[in-house]
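Given chain A, work out where chains B, C and D with the ligands should sit, using these hints.
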Amino acid sequence: MPSWERIKEDFPIFRNLGSGYVYLDSAATSQKPMSVIKAISDFYLYNNSNVHRGIYRLSEEATEMYGRSRENVSNFIGSHDPGQIVFVRNATEALNLLSYTLGWELVSGDEILITIMEHHSNIVPWQFLQDKGIKLVYADIRPDGTLDMDDLQSKVSPRTKILSVTHVSNVLGTVNPVREIGKIAHDNGSTFIVDGAQSVPHMPVNVETIDCDFMAFSGHKMLGPTGIGVLYGKRELLEKMHPFMGGGEMISEVYRDHSTWADVPEKFEAGTPDIAGAIGLSAAVDYLRSIGMDNVMKHGRDLMKLTFEMEAEENIPGLLSYGPRNTDIRGPVYSFSIGEIPPFGVNQALVDDGIGVGTAIHPHDVASSLDASGIAVRSGHHCAMPLTHRLNTVATTRASYYVYNTEEDVRRLFRSLKRAAEVYSK
Amino acid sequence: MPSWERIKEDFPIFRNLGSGYVYLDSAATSQKPMSVIKAISDFYLYNNSNVHRGIYRLSEEATEMYGRSRENVSNFIGSHDPGQIVFVRNATEALNLLSYTLGWELVSGDEILITIMEHHSNIVPWQFLQDKGIKLVYADIRPDGTLDMDDLQSKVSPRTKILSVTHVSNVLGTVNPVREIGKIAHDNGSTFIVDGAQSVPHMPVNVETIDCDFMAFSGHKMLGPTGIGVLYGKRELLEKMHPFMGGGEMISEVYRDHSTWADVPEKFEAGTPDIAGAIGLSAAVDYLRSIGMDNVMKHGRDLMKLTFEMEAEENIPGLLSYGPRNTDIRGPVYSFSIGEIPPFGVNQALVDDGIGVGTAIHPHDVASSLDASGIAVRSGHHCAMPLTHRLNTVATTRASYYVYNTEEDVRRLFRSLKRAAEVYSK
Amino acid sequence: MTDVEEKTEILMDHYRSPHNYGKMESPTAELLEYNPVCGDAVQMFVKLKGNMVEDVKFIGRGCSISQGSASMVTDMARGKSVEEIMGITPQHLLNLIGLPLGPSREKCALLPLNTLQKCLARLGRENVKI
Amino acid sequence: MTDVEEKTEILMDHYRSPHNYGKMESPTAELLEYNPVCGDAVQMFVKLKGNMVEDVKFIGRGCSISQGSASMVTDMARGKSVEEIMGITPQHLLNLIGLPLGPSREKCALLPLNTLQKCLARLGRENVKI
Ligand SMILES: Cc1ncc(COP(=O)(O)O)c(C=O)c1O
Ligand SMILES: Cc1ncc(COP(=O)(O)O)c(C=O)c1O
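Protein chains in written order, with my numbering: chain A, 2 to 427; chain B, 2 to 427; chain C, 442 to 571; chain D, 442 to 571.
Since the hints were made in silico from the structure, they are not lab data. Misleading hints may appear alongside valid ones.
Said to hold, decoys possible - Below, computed lysine to any residue pairings styled on SDA-like, alpha-carbon distance capped at 20 Å:
(1) D:K464 - B:V347
(2) C:K548 - B:E254
(3) A:K184 - A:D141
(4) B:K133 - A:Y256
Claimed, not checked - Facing chain C, from chain A, some residues (calculated, C-beta under 7 Å):
(5) L46
(6) I342
(7) D353
(8) H363
(9) H365
(10) D366
(11) A396
(12) F415
To be verified - Calculated Cβ distances over 12 Å to all of chain B for the following chain C residues:
(13) L472
(14) E525
(15) L535
(16) P541
Only a predicted model underlies this, so the values are computations on that prediction, with no experimental measurement involved. Note that the Cβ used here is the ideal one computed from N, Cα and C, for glycine as well.
Isolated chain A (complex conformation) (with noise of 0.2 Å):
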């Protein structure tokens, strides 16, 4: 097992913050190793020239250079073809890109099914296809924030076209049973989509053992840069798909009235690449592997457990955790409200019971007592404001966890959270 404390000093931010920083927003975005910063600089410093048809030796270089990103990415989720690896800017567009090729072949009354666990960007996309007679269809989650996997499979019918699903909830934390997903969406004959934005970053991950045919991801939620992201997706898919940007790279040959398409995975990467992004993106699995991807999830389930033990001990009044305690079946991430805050609308008036919920805290305001000590945590719906509703709040706040937190991280959350429970209960 690593030492994580030496794995921290690996990431230069928390020496220049101070090392008593607690950074608790990895599922928001992760901190960079010195590796993945230098990986970007050197490209710059370096080998920095545009890729694909310059035939001067440093735009061969940097060519050479995105190629090996692109393996290096392909190998790390076990795809036996960099070919179905695109290069996109995150999650979200690679989850567009498929909401718009996937759309022109979809007619009213087909149905995309989804679970209410999604991220907005597993769900907005596909509500734009609704114009056209489309319907999205939500699984449930069971009591304890797993999915429940009979309402998914009464949900699935002849009209579901796509079954699109996360593999770990960015609020639950809960991991998905991917395969078994794969497996009746294929038996229904519908396309399966996997969004790994929580899962690439903290578990081993094999796209060809799950079988799902796209998986979407962040590079920086892995360590990686900002502004670029993956969309897997399997070859004969891709060669299939209308492209979804025209312009440079994604061509073979442009006439006046007609164009005819690069190969993939090129025909989907329209304009000027991310170059350094992708190069930096190699980095952080290099240094992921480095780690381990059996001990980067092994870490995580080791706090989360401590997590536990320390709700337990400090029994916090009205503190409410969401999603499965068995963290077998849990990513790092830890989402909680102080008191219930129900979602208020429209309709409903305001009673004069006095401020706030009963004794609820408001995820704003854990928050900000939690920065005042060093302590960053996000607090609001995390972009998943279906569950957050179907889990009868308006917002609540999360701690997520990666391979520069400690044990004394999360013990510090625990005591922060003692002291801020204090100060604004009434």
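Structure of chains B, C and D with the ligands alone, referenced to chain A:
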């Protein structure tokens, strides 16, 4: 006037590649000054976190830096409102965003008027709309490589819904009279789009003086990082438009069956943006401003003047260069052929009158030969196949200049060209 | 005690024991505004006498900033003319609160002032005799 | 002379004075392939005797790499069996050329071999007696 030798020292890649390295491919992508490389690293070293909604200090700082970058870019192009600046990956994405969102409103029979000198990124996205019965119309060029304004005017009709032109051609160097074209467009009630990918880096550009409705450009061609580009759009137009991609950040509220959008420009920025990229672009803007865009433009013109002088002086057999000779309407781009190499097509037969076409030297050979002398130029169709064919050739060689190029670079280009012409002549 | 600590104490006092809290019988105007994203909600009740705010009350739910600010805004509004209230700038309220609020939390702080001003503006528009 | 310079000289000799250049009367098979992106074009003519390449010629246009390679490929093909030619790997040809070609120019170098192999493969498919 700044010292251009001094300025070259701000670009560390030249120290690393050896001071003799002559980079003449800035029209494809520019090199980066140290201040830009450092701005990106510093973000990851000191400020990295996600933007929007985070209520801890680090996230608020990042949000502020991201917002200031937007303001800085807005000021740089003379937009009075940072809400008119949408961050995208590159000019290509900006144009695709327009083709999708404006395309929704178009119907069969509508026409889009572009020019024959467009980059593929301002052609292919519009070709996508042909399936809907929308017609793509091309304005021609005159023999001197300037836009044929009579032809353009004659192709404007009540069906012309969009007029989209490049500000500066990336092959001919032609600076198009965009104010005049904008007036033609607006008099006709057409939406006016300018592809500023080759103008914003090289000359003072003011979107309000030009009075374009939209402008697209890329950060990586203006000393900024890869992965970041800009769509400028008039606020009232952006507000009316349907969003392009859906997901996090671009929404106000998400319910199961519908969503509401965030205000512009966030409405068009789905998912985690390239935060470091935007900050790097802002540093590039600062750097360009410190030189002064008038000086940048003058330097480009001076190098073009020297280019024409050297061309006359060296008198290379068969050398044919394209684009206007008047440097007042010329960007720092020099495309040429040595001998004629007409396109070869599916219905043509080869003749057995010897290899090559007459005494022509293929642009690939020119580029390889220059590369061997440490001079990086590009050869091919430069992502402008319709123009290349219009020039009755299949490929050209292109040298393009920027702030780090010197008069000595131009001289070395011609000395090496002369040698190449001798080696390859038969 | 630093200035920020002092200002925090003041706001927290308003949050824990809000001034002017409760419904009002037959107000001249009332308005409920809320932010669906964080659930903050404020309902303002105003009683005018001529052009002057004779009484103002609120009820609400939400975070300490939105509710503490509501209490401070009602204190500030009482006895002022409609024009005076319409002239209160967001910055004035933020200065009064005196805490370094980030952009997200400024929205919370300004909800009560926005609600009160909207409520009064509507009165004007609806041509209610004021 | 370095190895690269020597290899460059060899290729340039092939380019300037190509071997086996010209059309062929009544070939067993012929094929024209081209790359629309750079305009390189190669037309191969093969005369078979049984299973052996008795004669091979080409005409073409394009860069020194594509045309020099065509000359070298025809030299190499003469006297070989169809199977032997189908077994020539791209790497083998690249090694023969012996220059550090980048990915873009490898395409130029491989066009002639691809054309010849496609031409022979088509013969097989069309069930021409060979
Ligand atoms: C005129 C013009 N438009 C658009 C583009 C596309 O730029 P990018 O590849 O950065 O999207 C380019 C750059 O190649 C260009 O020169
Ligand atoms: C499950 C999930 N999907 C998608 C996304 C979107 O990621 P990005 O903003 O990088 O596109 C996120 C991150 O917020 C996420 O947690």
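Hint by hint, here is what the structure shows:
no.: 1; hint: D:K464 - B:V347; result: holds, 19 Å
no.: 2; hint: C:K548 - B:E254; result: holds, 16 Å
no.: 3; hint: A:K184 - A:D141; result: holds, 19 Å
no.: 4; hint: B:K133 - A:Y256; result: holds, 18 Å
no.: 5; hint: L46; result: violated, 35 Å
no.: 6; hint: I342; result: holds, 6 Å
no.: 7; hint: D353; result: holds, 4 Å
no.: 8; hint: H363; result: holds, 4 Å
no.: 9; hint: H365; result: holds, 4 Å
no.: 10; hint: D366; result: holds, 5 Å
no.: 11; hint: A396; result: holds, 5 Å
no.: 12; hint: F415; result: violated, 21 Å
no.: 13; hint: L472; result: holds, 20 Å
no.: 14; hint: E525; result: holds, 30 Å
no.: 15; hint: L535; result: holds, 15 Å
no.: 16; hint: P541; result: violated, 9 Å
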